[in-house]
Structures are given as C-alpha cells and as structure tokens.
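Asker: For this one, chain A is given, so just place chain B on it according to the hints.
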Amino acid sequence: MTDGADLRSITSIAPLVRSGVLSPSTLVRECLKRIEARSSLNAFVTVMKDSALHDAAQAEREISSGRYRSALHGIPISVKDLIAVAGTPTTSGSAVPPLHPAADAPVVRRLRDAGAIVIGKTNLHEFAFGTTSDETAFGAVRHPFDETRSPGGSSGGSAVALADGMCFGSVGTDTGGSIRIPSAACGTVGLKPTLSELPCDGVVPLSTTLDHVGPMARTVADTALLFRAMKGTAAQSIAPAGGRLVFGVPIPFFFDRLDGDVRRLFANTRRALTAAGHSIIDLSIERAAWTPDVYLHIVLPEASCCHATTLDRHAAAYSPGVRLRLEMGGYVLAEDYVRAMRLRDVLTAAVDDAVQRCDALLLPALAIPAPPVGAASVDVDGAREPIRAIMLKLTQLFNVTGHPAVALPAGSGHDGLPRGLQLVGQRGRTERLLDIAAAVELQITAGPGSVGGGTG
Amino acid sequence: MQIDAWLAAARADAERRGLQDLQPLLETLARSTRALREAHDKIVKIAEIARIGNGAESAGDGTVPPRHEP
Chain A
1 MTDGADLRSI
11 TSIAPLVRSG
21 VLSPSTLVRE
31 CLKRIEARSS
41 LNAFVTVMKD
51 SALHDAAQAE
61 REISSGRYRS
71 ALHGIPISVK
81 DLIAVAGTPT
91 TSGSAVPPLH
101 PAADAPVVRR
111 LRDAGAIVIG
121 KTNLHEFAFG
131 TTSDETAFGA
141 VRHPFDETRS
151 PGGSSGGSAV
161 ALADGMCFGS
171 VGTDTGGSIR
181 IPSAACGTVG
191 LKPTLSELPC
201 DGVVPLSTTL
211 DHVGPMARTV
221 ADTALLFRAM
231 KGTAAQSIAP
241 AGGRLVFGVP
251 IPFFFDRLDG
261 DVRRLFANTR
271 RALTAAGHSI
281 IDLSIERAAW
291 TPDVYLHIVL
301 PEASCCHATT
311 LDRHAAAYSP
321 GVRLRLEMGG
331 YVLAEDYVRA
341 MRLRDVLTAA
351 VDDAVQRCDA
361 LLLPALAIPA
371 PPVGAASVDV
381 DGAREPIRAI
391 MLKLTQLFNV
401 TGHPAVALPA
411 GSGHDGLPRG
421 LQLVGQRGRT
431 ERLLDIAAAV
441 ELQITAGPGS
451 VGGGTG
Chain B
1 MQIDAWLAAA
11 RADAERRGLQ
21 DLQPLLETLA
31 RSTRALREAH
41 DKIVKIAEIA
51 RIGNGAESAG
61 DGTVPPRHEP
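Residue numbers (my numbering), protein chains in the order written: chain A, 1 to 456; chain B, 1 to 70.
Looking at chain A on its own, in the form it has when it is part of the complex:
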C-alpha cells in the first residue's frame, strides 16, 4: 500500500517551495527514498539521483535570490522512458540497444525551463506497444495497491510513481490510451491533449497518426500546470468551469461490457453531477463500434514501419509478444490502411457531432480494474475478453479522431482498486476540457485507495 507516501499536490506545495518553507532538495531526497523503498514495483528504469540533487540545489539558489520561475519550480517529476532526456539513455523499456539523446525532447525542455526537476525515467510496456507494462526488459511494473496486479500501460511506471509518491508529475505518451489507462487503473489523472497540440519530437514513435504526448499528475489542477508548461505557456493554475454544464454519455458500444464497480461508480458520478445542477444526456457516437478495426489497421502498419530497421537487426531483443505484433503489421495491405484512414475521417466527424451537443463527453476510462500481471484475458460481465482489446476499448477512438481526453479518478471498487472516468472535449479546446474536469473532480467523493479524488 501507499502508507507513508507524500501524495500532496503540486498546487498545495508550490507556495511552500516559493516561500522557502519546503526546499526542492528535501522534495527530491524524499522522492528518491520512496523510489528505493518501493523498488519492487519496477516503476523506474533510470533514477537520476545526482543530476536531480544538483538541479534541486540550483533551484534553491534561484528561489532564495528571488528568481522564482513558476509553480513547477523545484518540483520533482518523472519522464516515461520513451522520451528524450539529454544525457540519459532512452531504453523504451526494451533490450534493443537504447538511444542516447544529446538534447531533451521539447516538452521536457519546457518543463525544465519552468523549473521542474527530472528525477528519473519511468518503466513502460516495451516501445509503448501494449496496455499492461509487463512486457518490458526492466521487470513487470506492479500496481502499488496490489503487487500481483498490473498498473495498466503503456505509461505504467509513470502512473505508479505518481500513485506511490515517487514524484509529483510525469510525462507520458498515449497512442490508444497509454496515459489514460494507467491513470484510471492507479487512481491518478492523465491528459491526452488534442492531436499535435504538444510536439512529439524526441519521442520514440509508435504510430505517427495516433501518437500523443501528455501530462500525468495526481489532480486536474496539477495536470493543467504541467500541460501549460509543456505547451510553453505560463504554468498557471486553472479555475473549475462555472455554471451549468451539459455532459453527453455515449451509451452504445462504450457501455456494452463493463466491470460492475466501473458501472456503479459511474452511476455515482452521474448522480453527483446531477445533484450539483449539471445536466446529463445520453447519446450515441455513430459507428463507434468500427473503432477497433480502424485502429488496428492504422497502428499495426505504422508501428511495423517505425520498427522495420530495428526489427531487422535486433528481432531477438524484443519481447516475444511485442515482436509478433510488429511482425503482424507487415502483413496489413496498403489498400486496407487507406480504407482505415478514410474511416478515420468518418469517425472524426461522428465525435465532432457528439461533442458539439454537450460541454464534454463523460464515460469510464477503463472497463476493468487493474488486471493480474501477465493475464491474457479477463472476465467482464460474464464474458471472457482479450486483455488488450478490453483495455483499449474506451480510449482508442479519441486517438483515432484526435479529440482531447482526460482520465480522472472515480473512486475505488470493492476490491480496493481505483476506477477511472474519462471526459472528452472539442478538438483544439483542451484548456476548456481541463476546466470542466476540475469541476467534475470537485463533485467526486473518492473512496479509500484512490489518491487523486480531491483538489488539495
């Protein structure tokens, strides 16, 4: 469990750091201690102890001399080990020889410019090509509340690091749900912005059409701080959206098969939002059921293309499952890839239509709780479901269409494991979506085991 972890939000400690009551060095040392104490979770691939302590000392000097940069100044964050951090290998969670970037990815550089301290690189599903973070050369990532469970993926190490108090923010990537799935499984917050809103430069690609980079944190306000810094705008706090909001709940397809506690906690959220004066309408996203087939015919050939050279040279170094999926992509016909790209336009128009009828779509982020490590399938609603398909089901559409989507905690199930909600906004209106998410977060009473339900 997460006993003894410092799970405070960035917004709550930033004033203490600014006033000198709390030093960045203390924060970094506490995070390092936590990472070491909980090494069995395999959350980190590389811990940047020396550089983090050096950066913390520098932040202290700047802050004490009146050069406070932003609410992220002196705050320890982690970076998924798929993203370039200068001077540190990018392993992508693989035994394939790593990259050695000379420069930070732009999103990392911007976070550093805002004063954030990179404490280490987090473990992931190899090359971000999976949802369970157990196919990795650095040991299966384990859930902080139950080590027999997967935290989800592919940004599993980032979500674990946040849920267990090893850092205060993280940078993840999301090609089919890789930020939102582990956020939902671990009770944290994760944002997939609008497509192309944040640069993917310096990120090892998986699918050039579907890849997104985004922030992960313990609260919506912290996620917004990171997002704005990653965009290169001022890292200022947000205000929950005011007034009466209208939420659209897309019932067909998305609610076909859900774990009982996911359904129960979603109903609780509906009731809480209605009681707070907001409106909820049921709607349908036309042809949403086509999503898995469209997604598959885009992600497989694009991933296969991205890995063609490396796969040729280092096939044996890949995890068997990841290698097979990459090999499979080589068999997708060009004509079917073109069909999928055409259908992507159809789905994009359908989601555009749905989000224009409300302020945001509201649905669960993950149909199941954190699954057992290594499970190939799980029982959901009395049926056996393949693990990847059921974990991607509620998130992948919004990678296909590029709409911004955020996962936030919905509370915990009877098993003590978190469940997650998802809000989806209009393309290009990610800031508005975060304001709405902050308003929803206020209405959620998180149960025991959930770490991100409040705003403190």
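One thing to keep in mind: the hints can contain errors.
[Unchecked claim] Listed next, with one range per pair, are the computed distances between beta-carbon atoms:
{"no.": "1", "chain 1": "B", "residue 1": "20", "chain 2": "A", "residue 2": "443", "range": "47 to 57 Å"}
{"no.": "2", "chain 1": "A", "residue 1": "317", "chain 2": "B", "residue 2": "27", "range": "23 to 33 Å"}
{"no.": "3", "chain 1": "A", "residue 1": "309", "chain 2": "B", "residue 2": "53", "range": "45 to 55 Å"}
{"no.": "4", "chain 1": "B", "residue 1": "31", "chain 2": "A", "residue 2": "272", "range": "36 to 46 Å"}
{"no.": "5", "chain 1": "A", "residue 1": "415", "chain 2": "B", "residue 2": "49", "range": "48 to 58 Å"}
{"no.": "6", "chain 1": "A", "residue 1": "268", "chain 2": "B", "residue 2": "42", "range": "52 to 62 Å"}
{"no.": "7", "chain 1": "A", "residue 1": "314", "chain 2": "B", "residue 2": "51", "range": "41 to 51 Å"}
{"no.": "8", "chain 1": "A", "residue 1": "342", "chain 2": "B", "residue 2": "20", "range": "30 to 40 Å"}
{"no.": "9", "chain 1": "A", "residue 1": "272", "chain 2": "B", "residue 2": "20", "range": "50 to 60 Å"}
{"no.": "10", "chain 1": "A", "residue 1": "251", "chain 2": "B", "residue 2": "31", "range": "17 to 27 Å"}
[As the list claims (entries may be wrong)] If you want the footprint, here are the derived chain A segments under chain B, 3+ residues with CB under 8 Å:
{"no.": "11", "segment": "294-304"}
{"no.": "12", "segment": "323-331"}
{"no.": "13", "segment": "342-349"}
Think of the hints as simulated: they come from the structure by calculation, not from any bench.
Backbone N, C-alpha and C fix where the C-beta goes; we use that ideal spot for every residue, glycine too.
Answerer: Here is chain B on its own, set in the frame of chain A:
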C-alpha cells in the same frame, strides 16, 4: 486482394519465416480486415447515394468521374 487469398499467402510466409506463433494473430487480423472492408463498403455506398442524389454520375466504385462541360 481477396481476404482468403491474402490470409493464405500471409500464413505461408509466416511459416516460411519460422513465425508459427503469428498464425492465430493473422486469423484475428483477417476477421478484423473483413469487418473493416464491410464498414468501408457501407460508407462508399452512402457516399454514392448522396452524390447521385446531388445529380452526380456514379462510377460504381465510390468515386465520381469528373464532369466535362459540353
């Protein structure tokens, strides 16, 4: 290319390359491709109907031939 012919060729190629574990994945992919093509055909038909409704001449394959002014 027809899906059955594609699947047979893909399975033979995977076999030749010693990737036996790929066989069930290729079966899954074939089912998904079938569904993708059905979805695509539906969209093409809807687009054709809309174009014909707007007075365009259908080429029968989802495309509309360019109009030539007399």
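Asker: Would you mind marking each hint as holding or not holding in the structure?
Answerer: Hints, verified against the model:
The hint said 47 to 57 Å for the Cβ distance between residue 20 of chain B and residue 443 of chain A, and at roughly 52 Å that hint holds. Take residue 317 of chain A and residue 27 of chain B: their Cβ atoms lie about 27 Å apart, and the range 23 to 33 Å holds. Between residue 309 of chain A and residue 53 of chain B the Cβ separation comes to about 49 Å, which falls inside the hinted range of 45 to 55 Å. Separated by about 40 Å at the C-beta atoms, residue 31 of chain B and residue 272 of chain A satisfy the suggested range of 36 to 46 Å.
At about 50 Å, the CB distance of residue 415 of chain A to residue 49 of chain B agrees with the hint of 48 to 58 Å. The beta-carbon spacing between residue 268 of chain A and residue 42 of chain B, approximately 38 Å, falls outside the hinted interval of 52 to 62 Å. In this structure the hint that residue 314 of chain A and residue 51 of chain B lie 41 to 51 Å apart at CB holds, the actual value being about 49 Å. Checked against the hint of 30 to 40 Å, the pair residue 342 of chain A and residue 20 of chain B passes, with Cβ atoms roughly 34 Å apart.
In this structure the hint that residue 272 of chain A and residue 20 of chain B lie 50 to 60 Å apart at CB holds, the actual value being about 52 Å. About 25 Å separates the C-beta atoms of residue 251 of chain A and residue 31 of chain B, a value consistent with the hinted range of 17 to 27 Å. Counting residues of the segment 294-304 of chain A whose CB lies closer than 8 Å to any CB of chain B gives 4, which reaches the minimum of 3, so the coverage claim holds. A count of 5 residues in the segment 323-331 of chain A with a Cβ less than 8 Å from any Cβ of chain B is obtained; the coverage claim is therefore met, three being the minimum.
With a threshold of 8 Å between beta carbons, the proposed coverage of the segment 342-349 of chain A by chain B holds, since 3 of its residues qualify and at least three are required.
Violated hints amount to a single one, hint 6; each of the other numbered hints is respected by the structure.
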